[in-house]
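Using the sequences and the hints, build the whole thing.
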Amino acid sequence: MQFLRNILDNIEPKVKGNKFLHTVFDGFDTFLFAPKTVTKGPGVHIRDGVDLKRTMVMVVLALQACLLFGMWNIGHQHYTAFNLYSGTGDALFTKFLYGFLQMLPIIIVANVVGLGIEFIFAAKKGHPIEEGYLVSGMLIPLIMPPDIPLWMLAISIIFAVVIAKEAFGGTGMNILNIALTARVFLFFAYPTEISGDLCWVAFDYNILHSIFGMEGATLQALGMSAVPAEGWRSLMVDGFSGATPLGLAAAGGWDAVTQATLPNGAAQYSISNLFFGIIPGSIGETCKPAILFGMAMLIAIGVASWRIMLSMLMGAIAMGLLFNVLGGNPFLEVPFYHHLIMGSFLFAMVYMATDPVTAAQSNTGKWIYGFGIGAVGMIVRVLNPAYPEGWMLAILLLNVFAPTIDHFIYQRNIKRRLSRA
Amino acid sequence: MGKTIKLKKGFDINIIGKPQKKVDNNFSSKTYAINPSDFRFIAPIPKLTVQEGDEVKAGDPIFYDKSNPDIMFCAPVSGEVVEVKRGQKRAIAEIVILADKENQYKQFDKVDLNMIDREDLVKHLLGSGCWPMLTQRPYGVLADPTETPKAIFVSAFDSAPLANDLNFSVAGQQEYLQAGIDALNILSGSTVYMGMSSGQSANELTHLKNVETNNFDGPHPAGVVGIQIHHTQPINKGDIVWTVKLLDVIAIGRMVRDGQFNTERLFAVGGPSVKNPQYYKGFIGANIEQMLKDNIQSENNRVISGNVLTGIQITPNSHMHFFDNQLTVLEEGDKHELFGWLIPNYPRPSISKTFFGNLFGGSKKEFNVNTNTHGEHRAIVVTGEYEKVLPMDLYPMQLVKSILYNDIDLMEGLGIYEIIEEDLALCEFVCTSKTDVQQIIKDGIELMVEQG
Chain H
1 MQFLRNILDN IEPKVKGNKF LHTVFDGFDT FLFAPKTVTK GPGVHIRDGV DLKRTMVMVV
61 LALQACLLFG MWNIGHQHYT AFNLYSGTGD ALFTKFLYGF LQMLPIIIVA NVVGLGIEFI
121 FAAKKGHPIE EGYLVSGMLI PLIMPPDIPL WMLAISIIFA VVIAKEAFGG TGMNILNIAL
181 TARVFLFFAY PTEISGDLCW VAFDYNILHS IFGMEGATLQ ALGMSAVPAE GWRSLMVDGF
241 SGATPLGLAA AGGWDAVTQA TLPNGAAQYS ISNLFFGIIP GSIGETCKPA ILFGMAMLIA
301 IGVASWRIML SMLMGAIAMG LLFNVLGGNP FLEVPFYHHL IMGSFLFAMV YMATDPVTAA
361 QSNTGKWIYG FGIGAVGMIV RVLNPAYPEG WMLAILLLNV FAPTIDHFIY QRNIKRRLSR
421 A
Chain B
422 MGKTIKLKKG FDINIIGKPQ KKVDNNFSSK TYAINPSDFR FIAPIPKLTV QEGDEVKAGD
482 PIFYDKSNPD IMFCAPVSGE VVEVKRGQKR AIAEIVILAD KENQYKQFDK VDLNMIDRED
542 LVKHLLGSGC WPMLTQRPYG VLADPTETPK AIFVSAFDSA PLANDLNFSV AGQQEYLQAG
602 IDALNILSGS TVYMGMSSGQ SANELTHLKN VETNNFDGPH PAGVVGIQIH HTQPINKGDI
662 VWTVKLLDVI AIGRMVRDGQ FNTERLFAVG GPSVKNPQYY KGFIGANIEQ MLKDNIQSEN
722 NRVISGNVLT GIQITPNSHM HFFDNQLTVL EEGDKHELFG WLIPNYPRPS ISKTFFGNLF
782 GGSKKEFNVN TNTHGEHRAI VVTGEYEKVL PMDLYPMQLV KSILYNDIDL MEGLGIYEII
842 EEDLALCEFV CTSKTDVQQI IKDGIELMVE QG
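Just so you know, the protein sequences line up as chains H and B, in that order.
The numbering used here puts the first sequence at residues 1 to 421.
The numbering used here puts the second sequence at residues 422 to 873.
Please note that the accuracy of each hint is not assured.
In silico DMTMM-like cross-links for lysine to aspartate or glutamate, where the CA-CA straight-line distance does not exceed 25 angstroms [claimed, not checked]:
#1 H:40 <-> B:808
#2 H:415 <-> B:814
#3 H:40 <-> B:797
#4 B:822 <-> B:864
In short, the hints are calculated from the structure, not lab data.
Next comes the structure, spelled out in structure tokens:
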């Protein structure tokens, strides 16, 4: 420990001259060692043990269950598309390894690009590196389709971090949720890549898979000698559909969802598959138990606001009930409780809406903000003819309105104070 | 009996080294000092009425502020003015008096509170050294002798970490306390409010007359007078209220009954670095060297006049500040900590439940705290945490932000009149982003006064 400290203390004078190097050094130094800074008056002489690093890393830890399940599920959906190992218990390790190797480049690109920008801006401003991107760097991979081209990922992250965050002054100053800005950029800039039936399953093999011999093994299992010229997608087995439950529900209501089958004849979107997340989708958002685990953890340690989660749930249920009462088309008639396990509702509720920087800041404001997301999200999901999912847009919309909501809450406090006189 | 106000918000920081309820009778301070910077907005170089080498009695004026020449700042003890210490830009840092063995009091007239009118009482307190004990809100400044406050507030207990147990400190002083209260009644022209803790219900303080008592039940900052004002008669724009510390009420009572400027009181000395945390008897501005001699059990300490949240760092051979009756000593935390942000190497107090010990009531035990910041300063990210420790109908984070961007209308609206630094000290302690809340409020108050 002292040895490590000595090494760092020896390096520091060498990098002092270079702004960028010193910022990077400082980032690693404060990661390894909590700094020895002491309080200076006037003010408090002792400080609470918690800091932003700890708070942020707790969210990252809470996401690990989603990540682990997501990696297995990438593999599972991949092999199911080729009608291989289609039992959920089959070839556990192979599926996990496929997903892990698919996920690794996404995580690396997300963090290298995002943190790189963060480092550059921190060096330019002469600030220490702030921890905000720790969470974004974990969230962004989890809300991406599993076969996202890495260059698109990089561009959307550059857009999100530079335009949505650094332009506003960095961590703590942004108006829009960073991860969702990356996602929404992707959605509007490359609509064909991020919608449709086949984008939620990873078909291809990357170089890492080849190194581990996974490509060859799959060819062998399929009884082929080489990858066909049309690519892996052409090997997809008849009867496999990557259509999302929401896509099906939009077209044919809840019946269409339950009637979808896998190539082996089993129901693709049974309630239990939807709940456990054994379905195609964005990487981290399918498995509800993993999300609920993260939710329980974040609420127990008080890092994410339960007010926002509860009010968003209430908003979604209220709007879902209203749709059920109104009726009119099959999608409107989908029972409201089924909406809660379709799509990314839970993930958005636990990890996206609760971002403290972009949410409303007052406790009363949080109730309104959360309820607004729940209600608007359902409207976008159900009434929007183009794309049957709404949380991304609803959260960004309410992000924009959060300061206004707070404004009225504060004005009420100000009026109360004036009325006392 | 007044009402009981339950305060849920707040946080008690439990620290090792709570002062034992015993007084070291061998202690006597050789020197005493008054520090002009303890009074907000008086000139850094006030007009001295004594020079080095002069002999003074307790109650003799030693300086006054040119903008308010009626308010006399008086010597707490008799003796020789040995030094006028200067700080930056020749500001007067301390006026040090070498105390006589036997304290000589300047004899003032005793006051018959039934006969005296308010004007004469004001004059009496102005000239006798008692006036600076009256603090005026908004802004926590010296009380303006030309004003009549809406009410006067006294907190009868101190809820800060390792605080002076005021029940112990006022024992046997009931007559002086009552005389002080009666004098404050004349000054206020209306009501004197006293905030009691629920544990004080059977205490000699409850026998006091002419005072309206309210019970405040809850964790720190329940004993902070600003919180008590907010729940009793909140300060509106244009209102003026005064506050007095309980031990200073006794000093005012002694002036009334005996005609002497006698500020004798108990100082609580505590903290993790103190071997025998206990009480010491002295006057305002006592030297702390003898309190700490052979009484410190670690090296590299920080000595604080006051408590760990609001106190002022002083050197181990200097003097208590005017308003402080508590001395805290703890270790400096200038050590690196491997992965300290993730895996704390030693327990530390926190309101955060990310410390898993706190999930199960672990924060009740006493902590060996130090001055490490436990993280670096960041932009504010986490919301709602200031509100958890501030039992006021007020948005502290928004107020802090309004000060940062100098929006005077918003500062007024959000309640700058109702607070001073100490009221929001816990907000600064809990801040995940390590914001200097008290410094910001100080700047805000200065801006408000500057803009009139």
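Right, here's what the structure says about each hint:
1. For the proposed pair residue 40 of chain H and residue 808 of chain B, the alpha carbon gap of about 24 angstroms is at most 25 angstroms, so the pair holds.
2. About 12 angstroms separates the Cα atoms of residue 415 of chain H and residue 814 of chain B, which keeps this hinted pair within 25 angstroms; it holds.
3. Pair hint residue 40 of chain H plus residue 797 of chain B holds up; C-alpha atoms about 13 angstroms apart against a cutoff of 25 angstroms.
4. Proximity of residue 822 of chain B to residue 864 of chain B is assessed by CA-CA distance (about 12 angstroms); at most 25 angstroms being required, the pair is judged to hold.
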